[in-house]
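Based on the hints, put chain H in the right spot on chain Y.
For the record, the sequence lines run as chains Y and H.
Just so we're aligned: 174 in UniProt numbering is position 174 of the first sequence, and the numbers increase by one with no gaps anywhere.
Just so we're aligned: 63 in UniProt numbering is position 63 of the second sequence, and the numbers increase by one with no gaps anywhere.
Derived from the structure by calculation, the hints contain no laboratory data.
Mixed in with the good hints, there may be bad ones.
As the list makes no split between identical chains, a pair holds if one copy fits it or if it spans any two.
[Said to hold, decoys possible] Derived lysine-lysine pairs resembling DSBU-like cross-links, with alpha carbons at most 30 Å apart:
# : residue 1 : residue 2
1 : LYS320    : LYS55
2 : LYS367    : LYS114
3 : LYS282    : LYS55
4 : LYS332    : LYS208
5 : LYS135    : LYS91
2 protein chains.
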Amino acid sequence: MSLTQNISTSISSSSSSFLAYSVFPYRNRDVSLPSKNFGTCRCVAIPQEEKTTYKTNVSRNANMAKLQAGYLFPEIARRRNAHLPKYPDSKVISLGIGDTTEPIPEVITSAMSKRSQALSTLQGYSGYGAEQGEKPLRAAIVSTFYGGLGIDEDDIFVSDGAKCDISRLQVLFGSEATIAVQDPSYPAYVDSSVIMGQTGLYQKDAEKYGNIEYMRCNPENGFFPDLSKVCRADIIFFCSPNNPTGSAATREQLTQLVQFAKDNGSIIVYDSAYAMYISDDKPRSIFEIPGAKEVALETASFSKYAGFTGVRLGWTVVPKELLFLDGFPVAKDFNRIVCTCFNGASNVVQAGGLACLSPEGRNAMQKVVGFYKENADIIMDTFNSLGFNVYGGRNAPYVWVHFPGRSSWDVFSEILEKTHVVTTPGSGFGPGGEGFIRVSAFGHRDNVLEACRRFKQLYK
Amino acid sequence: MSLTQNISTSISSSSSSFLAYSVFPYRNRDVSLPSKNFGTCRCVAIPQEEKTTYKTNVSRNANMAKLQAGYLFPEIARRRNAHLPKYPDSKVISLGIGDTTEPIPEVITSAMSKRSQALSTLQGYSGYGAEQGEKPLRAAIVSTFYGGLGIDEDDIFVSDGAKCDISRLQVLFGSEATIAVQDPSYPAYVDSSVIMGQTGLYQKDAEKYGNIEYMRCNPENGFFPDLSKVCRADIIFFCSPNNPTGSAATREQLTQLVQFAKDNGSIIVYDSAYAMYISDDKPRSIFEIPGAKEVALETASFSKYAGFTGVRLGWTVVPKELLFLDGFPVAKDFNRIVCTCFNGASNVVQAGGLACLSPEGRNAMQKVVGFYKENADIIMDTFNSLGFNVYGGRNAPYVWVHFPGRSSWDVFSEILEKTHVVTTPGSGFGPGGEGFIRVSAFGHRDNVLEACRRFKQLYK
Numbered sequence: 001m002s003l004t005q006n007i008s009t010s011i012s013s014s015s016s017s018f019l020a021y022s023v024f025p026y027r028n029r030d031v032s033l034p035s036k037n038f039g040t041c042r043c044v045a046i047p048q049e050e051k052t053t054y055k056t057n058v059s060r061n062a063n064m065a066k067l068q069a070g071y072l073f074p075e076i077a078r079r080r081n082a083h084l085p086k087y088p089d090s091k092v093i094s095l096g097i098g099d100t101t102e103p104i105p106e107v108i109t110s111a112m113s114k115r116s117q118a119l120s121t122l123q124g125y126s127g128y129g130a131e132q133g134e135k136p137l138r139a140a141i142v143s144t145f146y147g148g149l150g151i152d153e154d155d156i157f158v159s160d161g162a163k164c165d166i167s168r169l170q171v172l173f174g175s176e177a178t179i180a181v182q183d184p185s186y187p188a189y190v191d192s193s194v195i196m197g198q199t200g201l202y203q204k205d206a207e208k209y210g211n212i213e214y215m216r217c218n219p220e221n222g223f224f225p226d227l228s229k230v231c232r233a234d235i236i237f238f239c240s241p242n243n244p245t246g247s248a249a250t251r252e253q254l255t256q257l258v259q260f261a262k263d264n265g266s267i268i269v270y271d272s273a274y275a276m277y278i279s280d281d282k283p284r285s286i287f288e289i290p291g292a293k294e295v296a297l298e299t300a301s302f303s304k305y306a307g308f309t310g311v312r313l314g315w316t317v318v319p320k321e322l323l324f325l326d327g328f329p330v331a332k333d334f335n336r337i338v339c340t341c342f343n344g345a346s347n348v349v350q351a352g353g354l355a356c357l358s359p360e361g362r363n364a365m366q367k368v369v370g371f372y373k374e375n376a377d378i379i380m381d382t383f384n385s386l387g388f389n390v391y392g393g394r395n396a397p398y399v400w401v402h403f404p405g406r407s408s409w410d411v412f413s414e415i416l417e418k419t420h421v422v423t424t425p426g427s428g429f430g431p432g433g434e435g436f437i438r439v440s441a442f443g444h445r446d447n448v449l450e451a452c453r454r455f456k457q458l459y460k
Numbered sequence: 001m002s003l004t005q006n007i008s009t010s011i012s013s014s015s016s017s018f019l020a021y022s023v024f025p026y027r028n029r030d031v032s033l034p035s036k037n038f039g040t041c042r043c044v045a046i047p048q049e050e051k052t053t054y055k056t057n058v059s060r061n062a063n064m065a066k067l068q069a070g071y072l073f074p075e076i077a078r079r080r081n082a083h084l085p086k087y088p089d090s091k092v093i094s095l096g097i098g099d100t101t102e103p104i105p106e107v108i109t110s111a112m113s114k115r116s117q118a119l120s121t122l123q124g125y126s127g128y129g130a131e132q133g134e135k136p137l138r139a140a141i142v143s144t145f146y147g148g149l150g151i152d153e154d155d156i157f158v159s160d161g162a163k164c165d166i167s168r169l170q171v172l173f174g175s176e177a178t179i180a181v182q183d184p185s186y187p188a189y190v191d192s193s194v195i196m197g198q199t200g201l202y203q204k205d206a207e208k209y210g211n212i213e214y215m216r217c218n219p220e221n222g223f224f225p226d227l228s229k230v231c232r233a234d235i236i237f238f239c240s241p242n243n244p245t246g247s248a249a250t251r252e253q254l255t256q257l258v259q260f261a262k263d264n265g266s267i268i269v270y271d272s273a274y275a276m277y278i279s280d281d282k283p284r285s286i287f288e289i290p291g292a293k294e295v296a297l298e299t300a301s302f303s304k305y306a307g308f309t310g311v312r313l314g315w316t317v318v319p320k321e322l323l324f325l326d327g328f329p330v331a332k333d334f335n336r337i338v339c340t341c342f343n344g345a346s347n348v349v350q351a352g353g354l355a356c357l358s359p360e361g362r363n364a365m366q367k368v369v370g371f372y373k374e375n376a377d378i379i380m381d382t383f384n385s386l387g388f389n390v391y392g393g394r395n396a397p398y399v400w401v402h403f404p405g406r407s408s409w410d411v412f413s414e415i416l417e418k419t420h421v422v423t424t425p426g427s428g429f430g431p432g433g434e435g436f437i438r439v440s441a442f443g444h445r446d447n448v449l450e451a452c453r454r455f456k457q458l459y460k
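Here chain Y stands alone, though its shape is the one from the complex:
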């Protein structure tokens, strides 16, 4: 086919192919020409299979190439999917990815439903909202979560989830920043840091990236790092209640952390996505610690409170008091990032968020959280009864089970093969997670009970 013919085919089909009804079998009508190499051919002898493969002259981002294998949770999904055809009759139960399973309380979904419907009316329609979020929602977040802590409405940036904001924060801090993470920790901190070029290469032996400070958290130190051994980093990612260990830091520990940050001039990125799971008097927010506003920002989420994992809503608090070395407010730069790289969370979803923070909504969220906490109790009791050392679970939806001396991925595979239950291998959260398995409390009650029955059979 000549180039002319090809173009004329494209022209004649363009008006019908755009917004075309899919009644015609278009799929096999790819009319693009075999490609030619222009400008990128750099060697004389081209291997046979590459002859017709055009490559651009754009170098792959070297930071992307540093990333190891897949992001943890897609990798687990891949292994789960590979398991299914092998055991077609098995009832696979997922206590792996930390995905919520219980319906969203009706008071919340009906608010989203109403907002959706209103968008089809002149009065109820709204276009671009404030990138930082709708004022009533920002105000409700302050009064619900930060009452008395000196956080203002304009310190709140509503987002489409904590994971997304973590990446935006990394873009804000830039490639010259250095980071510290709890080890083990939620993989998005490390992976987004690698992507931004803050790290060195992955060191296979250590199972660590260069230039990241891994703060070991294990049973010996009560899952709080020995700060006297931690090197200074610009940014300290700290998650409490912790994903994956389920451990919540005490007021004294967080006071130490804030002091450590102050002594070093570091910024704490405090991930409080599980704060509502705290049952005792441990802090729900880093801003409960005096002076924290000068060294910390906090990111949070509706995902695990209201079942919003698929709905997508979170927020980040950046206090005006948090300043860079040159005195420039971090919040001003974050505002610029939010305005340039984001366009605000969906208005429909924000209506859901506002309903979450109504008296009925808060009550309903507490019930959802309470349900998952009961699941955590069941899982903890099970592993305790089997003689395992079990951590977390009390103030978090994650149970952290110790299999001393064993490989996490081996245990993950053993559990999947023999019980058809998907868990998460601790080493997926960093080398400090090796020998542990994270069991998520997110699941229907009968699934959690059934999974625990199978655990008892396997490890009795």
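Below, chain H alone, put in the same frame as chain Y:
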């Protein structure tokens, strides 16, 4: 107040302040201590006002400091808000930011409403979705917009909007990439490039950033750059129909562009957010051009078709055929970015997107687009009748009006002061926009008519 007292205040208030009802006047109860300087005091004489201001030791990202003033649209909103108190009785009409105004067709909102409601049921609940988007939506995007063009479902990445994906693409390409933009162009390309560190400093005289190739588009070249004068860049951002000039590239021009990219080994980021506004036979997708899949990806949006500016939904097409210099597929790295830095678009919103692509939904979107195109006609006729040279508008919701020899911001201010109509100064889109004003066709009909009456009074 001592530290001990302070801590005990925090402890005693913590359980009630978390999820507290906002009946207590907490706002004045900020109990944080006056801060002290630890570790960052680097000079002996501290100015009086800085004595109590704690600064971290974290350097501000130098790329953020390169950014000029505010992002364009928040800046316009700021000027609009400053205008209001000066003219409290004026009826301000916004034809500025490009924000949709017409209600979303009911067939679409009812799908979102239903999906919301379903989330409160066991059967209808869903948690984390695929980061790349729901399969039926990805399939519908292919059949609606890319039928016959050889694009597969798994080339589609559903997003929360084109602006957000542009930033994610910049993160993907990294700080070593070089970019070219149409001049004038949508500011997010340049600003996200600055943030990623791809550029030099802002050069006040030239009104350009260093290390960006600005491809001048003006009436003289039919708003298509003279590619013989364009230096190679890794990434070429190209928007057609163009924001802000409203010009849509012809098939011959896009064929030239694809050839230019191929000759240089560049990657085209083709922004087709306004494709449905094309009335004639110009290409709606870069993939209508033979060979484009090897040199281009395409980002698009429901915002201007279905009034989704506040609802947030878009997509990016990254063909498998698009390869980096080392042969690594761009799509694989983009997939990793999407999985690490994003968690998928809201499930409620994706239900709306799927409804957009049903036969009724497509019909309804065409009507919305048709309505705004009539507005564009009215605006074009107005400025034509006043003797201005007017561009765009035929295949785009933007009318690009020439005020030769005048400053865009001066004209913007003149129009705002004298007609209370908000437009957008062309120079906000780059130096090539100087002397132009972008008038958006997004508005209620009576507002557009009234704005045009006022334009006629001002410029008669």
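Results of checking the hints against the structure:
| no. | hint | verdict |
| --- | --- | --- |
| 1 | LYS320 to LYS55 | between (47 Å within a copy, 11 Å between copies) |
| 2 | LYS367 to LYS114 | both (23 Å within a copy, 24 Å between copies) |
| 3 | LYS282 to LYS55 | between (55 Å within a copy, 27 Å between copies) |
| 4 | LYS332 to LYS208 | between (33 Å within a copy, 23 Å between copies) |
| 5 | LYS135 to LYS91 | between (46 Å within a copy, 24 Å between copies) |
Hint violations for this structure: none, all hints satisfied.
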